[in-house]
Amino acid sequence: MIEWLFGELLAKYNYWVSIILILIGFYAMIAKDNLIKKVIGLSIFQTAIFLFYISLADIGPLPKKGTAPIVSEEMIHMGYVYVNPLPHVLILTAIVVAVATTAVALALVIRLYEEYGTIEESEIIEKERERGL
Amino acid sequence: MRGEKRIYERDVIIETISRLLIPFIQLFALYVIIHGAGGPGGGFQGGVIFASSFVLYLVVFGLAAAGKRFPEGANTALMSTGVYLYAGVGLLCILVTLGAAEYLNYGYIPLTHMFEENRALGMDLVEIGIGITVMAVITEIFFNLVWKKEEEGGKEE
Amino acid sequence: MIVPIDLALLTLIVIIALVAITVKDLLSAIMLLSAYSFLMAMVWVEMHSVDVGFTEAAVGAGATTAFLIAALARTVRWEKG
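Chains as they are written, first to last, in this note's numbering: chain Z, 131 to 263; chain S, 222 to 378; chain F, 3 to 83.
Be careful, since some hints might not be right.
[Stated by the list, open to error] Simulated pairs of lysine-lysine, BS3-like, Cα-Cα distance not exceeding 25 Å:
{"id": "1", "chain 1": "Z", "residue 1": "257", "chain 2": "F", "residue 2": "26"}
{"id": "2", "chain 1": "F", "residue 1": "26", "chain 2": "F", "residue 2": "82"}
{"id": "3", "chain 1": "Z", "residue 1": "257", "chain 2": "S", "residue 2": "369"}
{"id": "4", "chain 1": "S", "residue 1": "369", "chain 2": "S", "residue 2": "289"}
{"id": "5", "chain 1": "Z", "residue 1": "162", "chain 2": "F", "residue 2": "82"}
{"id": "6", "chain 1": "Z", "residue 1": "162", "chain 2": "Z", "residue 2": "257"}
{"id": "7", "chain 1": "F", "residue 1": "82", "chain 2": "Z", "residue 2": "257"}
{"id": "8", "chain 1": "Z", "residue 1": "162", "chain 2": "F", "residue 2": "26"}
[As the list claims (entries may be wrong)] Pairwise CB distance ranges (calculated):
{"id": "9", "chain 1": "S", "residue 1": "323", "chain 2": "Z", "residue 2": "163", "range": "31 to 41 Å"}
{"id": "10", "chain 1": "Z", "residue 1": "220", "chain 2": "S", "residue 2": "296", "range": "23 to 33 Å"}
{"id": "11", "chain 1": "Z", "residue 1": "212", "chain 2": "S", "residue 2": "312", "range": "27 to 37 Å"}
Treat the hints as calculated values from the structure; they're not laboratory data. Keep in mind it's a predicted model, so treat the numbers as computed, not measured. Don't be surprised by glycine CBs; every beta carbon is placed ideally from N, CA and C.
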């Protein structure tokens with residue numbers, strides 16, 4: 131039982147940390163009232179998903195001789211193996227999308243502040259109710 | 222914070238240090254762009270580092286000086302220049318061989334006599350195109366986030 | 003992947019994420035998010051994913067922080083409640 135716990139559950143701690151970070155970001159996106167806090171939660175959520183993908187690509191602790199995917203012929207003949215580069219490329223695209231979504235979200239936050247004079251979500255909803263929307 | 226006119230104060234230390242630092246940031250960005258074909262780095266990362274030097278210039282010297290150095294028209298022209306460079310290098314392969322090579326097969330561009338060197342130079346040209354576009358777009362996003370229109374602010378108050 | 007370094011960095015990352023969504027000063031939250039991005043870049047370089055680590059250090063810790071501070075200069079600094 132104890133061996134199973136340490137061998138199967140805690141050996142893959144990267145995934146557990148990734149799930150914890152996803153829940154932290156999700157909590158900030160749902161429960162926080164401030165819009166910039168929501169953007170920060172979105173950023174944490176995205177980074178947690180990147181951590182999940184990069185952990186999928188990784189090859190494990192050091193004795194397996196995993197290196198970065200920039201290798202020469204001699205290193206492969208010497209028995210080195212390299213980590214899977216496909217998730218890295220996917221995540222490279224996802225980082226570009228992340229900065230674009232952050233910029234669009236911040237532009238919307240600034241526009242909301244110019245319209246309502248506040249960036250608290252509950253106050254915005256109250257002001258909309260006063261206007262009869 | 223909002224509404225009050227922030228008066229720009231000159232600080233000798235910050236201005237001198239950033240005058241020294243900005244050329245080295247840009248040199249590092251050019252290194253990252255050129256080195257991107259065979260290692261970590263590339264057009265996007267180099268473009269972001271290049272844009273961060275403009276962000277430093279804006280933070281230190283104020284919005285008026287930065288707007289004079291990087292006018293909006295020049296930034297818009299640079300955005301489309303990068304895209305045209307990116308697509309044009311690929312189309313050039315079809316043009317110079319009259320349709321014998323595929324699109325984006327850079328080896329057929331007659332820059333040197335070696336096929337592999339042509340391919341490496343074509344990849345570098347594409348990276349430079351990506352870098353120009355990303356640099357212009359990130360700079361423009363930051364300038365537009367900072368910049369506040371006077372007429373709209375007056376109407377709102 | 004080196005297990006002790008990985009564990010220490012991930013523990014620090016979870017603590018920083020929790021503090022970043024709790025603190026009331028939004029400028030502090032943004033700077034903590036920048037530190038979070040730098041630590042995440044260290045985790046990725048240590049997992050042999052150098053390209054993603056480089057991009058995260060340039061984009062996540064540089065450009066995104068600059069955008070957030072620019073947005074904060076146009077709005078209010080303190081979170082209410």
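Taking the hints in turn, this is what the structure says about them:
| no. | hint | in the structure |
| --- | --- | --- |
| 1 | 257(Z) to 26(F) | holds (23 Å) |
| 2 | 26(F) to 82(F) | holds (8 Å) |
| 3 | 257(Z) to 369(S) | holds (24 Å) |
| 4 | 369(S) to 289(S) | holds (16 Å) |
| 5 | 162(Z) to 82(F) | holds (11 Å) |
| 6 | 162(Z) to 257(Z) | holds (18 Å) |
| 7 | 82(F) to 257(Z) | holds (16 Å) |
| 8 | 162(Z) to 26(F) | holds (11 Å) |
| 9 | 323(S) to 163(Z): 31 to 41 Å | violated (55 Å) |
| 10 | 220(Z) to 296(S): 23 to 33 Å | holds (30 Å) |
| 11 | 212(Z) to 312(S): 27 to 37 Å | holds (35 Å) |
Figure legend: structure checked against the earlier numbered hints; the only hint not met is number 9.
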